[in-house]
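What follows is the residue order along each chain.
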Amino acid sequence: MTFINYAAKEINCKIVYYGPGLGGKTTNLQHIYNKTAPDRRGKMISLATEADRTLFFDFLPLDLGSIRGFTTRFHLYTVPGQVFYDASRKLILKGVDGVVFVADSQTDRMEANVESIRNLELNLQDHGFDLLDIPYALQFNKRDLPNIMPVDEMYRMLNYKREPTFAGIAPQGVGVFETLKSVAKQILVELRKK
Amino acid sequence: MPTAYVEVYEEEFERLEQALRRLRYDSNAKAVFLIDKNGQQIAAVGDVEEFDTTSLASLTAGNVAATDGLAKLIGEREFSVLFHEGQRDHIHISIVARRAILLVIFDERSSLGLVRLRVKRASAEMDEIFEDMNRKENRGPGGQVETSPFSEITDEDIDSLFGD
Numbered sequence: 001m002t003f004i005n006y007a008a009k010e011i012n013c014k015i016v017y018y019g020p021g022l023g024g025k026t027t028n029l030q031h032i033y034n035k036t037a038p039d040r041r042g043k044m045i046s047l048a049t050e051a052d053r054t055l056f057f058d059f060l061p062l063d064l065g066s067i068r069g070f071t072t073r074f075h076l077y078t079v080p081g082q083v084f085y086d087a088s089r090k091l092i093l094k095g096v097d098g099v100v101f102v103a104d105s106q107t108d109r110m111e112a113n114v115e116s117i118r119n120l121e122l123n124l125q126d127h128g129f130d131l132l133d134i135p136y137a138l139q140f141n142k143r144d145l146p147n148i149m150p151v152d153e154m155y156r157m158l159n160y161k162r163e164p165t166f167a168g169i170a171p172q173g174v175g176v177f178e179t180l181k182s183v184a185k186q187i188l189v190e191l192r193k194k
Numbered sequence: 195m196p197t198a199y200v201e202v203y204e205e206e207f208e209r210l211e212q213a214l215r216r217l218r219y220d221s222n223a224k225a226v227f228l229i230d231k232n233g234q235q236i237a238a239v240g241d242v243e244e245f246d247t248t249s250l251a252s253l254t255a256g257n258v259a260a261t262d263g264l265a266k267l268i269g270e271r272e273f274s275v276l277f278h279e280g281q282r283d284h285i286h287i288s289i290v291a292r293r294a295i296l297l298v299i300f301d302e303r304s305s306l307g308l309v310r311l312r313v314k315r316a317s318a319e320m321d322e323i324f325e326d327m328n329r330k331e332n333r334g335p336g337g338q339v340e341t342s343p344f345s346e347i348t349d350e351d352i353d354s355l356f357g358d
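Protein sequences appear in the order of chains A and B. Under my numbering, residues 1 to 194 are what the first sequence spells out, in order. Under my numbering, residues 195 to 358 are what the second sequence spells out, in order.
Note that these hints are calculated values from the structure, not bench results. Bear in mind that the values here come from a model prediction, so they are computed numbers and not experimental data. Warning: the hint list may mix true and false statements.
What the hints assert, rightly or not - Only pairs whose alpha carbons sit at most 27 angstroms apart, straight line, appear in this in silico DSS-like list of lysine-lysine:
id, chain 1, residue 1, chain 2, residue 2
1, B, Lys231, A, Lys94
2, B, Lys266, A, Lys94
3, B, Lys231, A, Lys185
4, B, Lys330, A, Lys9
5, B, Lys224, A, Lys9
6, B, Lys231, A, Lys193
As the list claims (entries may be wrong) - Residues on chain B that point at chain A, a partial pick, calculated with CB under 8 angstroms:
id, residue
7, Glu201
8, Asp246
9, Ser342
10, Ile347
Stated by the list, open to error - Anything over 12 angstroms on all C-beta distances counts as not near chain B; from chain A, calculated:
id, residue
11, Leu22
12, Val83
13, Phe84
14, Gln106
15, Asp108
16, Glu111
17, Asp144
18, Met149
19, Asp152
20, Leu158
21, Arg162
22, Ile169
23, Val174
The C-beta atom is built at its ideal place from N, Cα and C for all residues, glycine as well.
I would like the entire structure built from these sequences, with the hints used as guidance.
Spelled out as structure tokens, the structure:
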């Protein structure tokens, strides 16, 4: 739900990073945080368990500058990937403007990827959204690990609607900003159609 | 698709700020925030520079969303008021016009009873402002359908945001 404040001349958009547990959603946000100038970002908040697994969400506000005189901010959220946190995932999708799906490239995680996309589809439907309509980007993360599935095979298995797809190694920042830019651009193009 | 935009125009923004200022004064609070249920801050008054307002808005919305989830689990529509008691500062959270969250931060100079009373009065006033906002959202700011200032966003505008 893009929030437009005409009085303060601000546009605020919400992007949610979705995907299976331990897929690298939080690492994507951490890289964005580390590589963004301090005056362009707020504090990164992680509501995590003691073992550093996301419990509710991570949150990172980014200020990208202005567009047509309006300060443009993106609020990035991750969901907890573990299957049993579904109620929390659903809450975080409320008012979403765009989604990044972070898929784990390891062959033995394909089933978890497929299941998570299906879960995303259903949880979006609960909020009245359709994955086919919403700004969406896909990232094949962990390309540096052994036992990974070839990109073209993953594409056939996970690409939903020919959405922009990126290979990623989140701890090194590979593909991280490309993915973010892609979904942010789609959101702003939607705004133009408004 | 559900309505995808929340829009606040100058006139309502000022009315909301005024209502917040009055609430802050009447309740002797440190700061008062109005937050969209999705976690965006709409307006804030008081000693706001003391706080990380963006994080505050996001966590408050998360808190309300989680509590709403709890309410539904036990068959309630919502818990309309949340109160967090600290050693020094306390937080009073309530829902306004079903779509926004009113957050009041106060200390020993005020009391829960006073805050509750004043919040109730301010909420009624804000309900009206939100109703006016709803009407405008359906019609455009000038009372008629207007062209969005964003319809002319170019690809270059978008690229420049990312320094491409």
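Verify that the Cβ of Leu158/A lies farther than 12 angstroms from every Cβ atom of chain B, and report whether the claim holds or is violated.
Nearest chain B Cβ is 24 angstroms from Leu158/A, so the label holds.
Chain A contact restraint on Glu201/B - CB to CB distance below 8 angstroms:
The hint holds - Glu201/B has a Cβ within 8 angstroms of chain A, the shortest such distance being about 5 angstroms.
Checklist entry - Is the Cβ of Met149/A farther than 12 angstroms from every Cβ of chain B? => result holds (30 angstroms)
> Given Ser342/B as an interface hint, is the shortest Cβ-Cβ distance to chain A below 8 angstroms?
Replying inline: Since the shortest Cβ distance to chain A is 5 angstroms, the answer is holds.
Is the nearest CB of chain B more than 12 angstroms from the CB of Leu22/A?
Given that every Cβ of chain B is farther than 12 angstroms from that of Leu22/A, nearest at about 22 angstroms, it holds.
Beyond 12 angstroms from chain B, beta-carbon-wise, is Val174/A? holds (17 angstroms)
Item to check | Distance rule for Glu111/A, whose beta carbon must clear each one in chain B by more than 12 angstroms | outcome: holds (27 angstroms)
**Message:** Against the 27 angstroms threshold, does the CA-CA distance of Lys266/B and Lys94/A hold or violate the hint?
**Reply:** Satisfied, since the Cα-Cα distance of roughly 16 angstroms is no more than 27 angstroms.
Would you check whether the claim that Val83/A is not at the interface survives, using Cβ distances to chain B and the 12 angstroms cut-off? At about 17 angstroms from chain B, Val83/A clears the 12 angstroms cut-off, so the statement holds.
Query - 27 angstroms Cα cutoff - pair Lys231/B, Lys193/A - result: Roughly 24 angstroms separates the two Cα atoms, so the pair holds.
- Task: Starting from Lys330/B, check that the Cα of Lys9/A is at most 27 angstroms away, please.
- Result: holds (17 angstroms)
Under the criterion that the straight-line Cα-Cα distance not exceed 27 angstroms, is the pair Lys231/B, Lys94/A satisfied? holds (9 angstroms)
Checked against the numbered hints given earlier, the structure satisfies every one of them.
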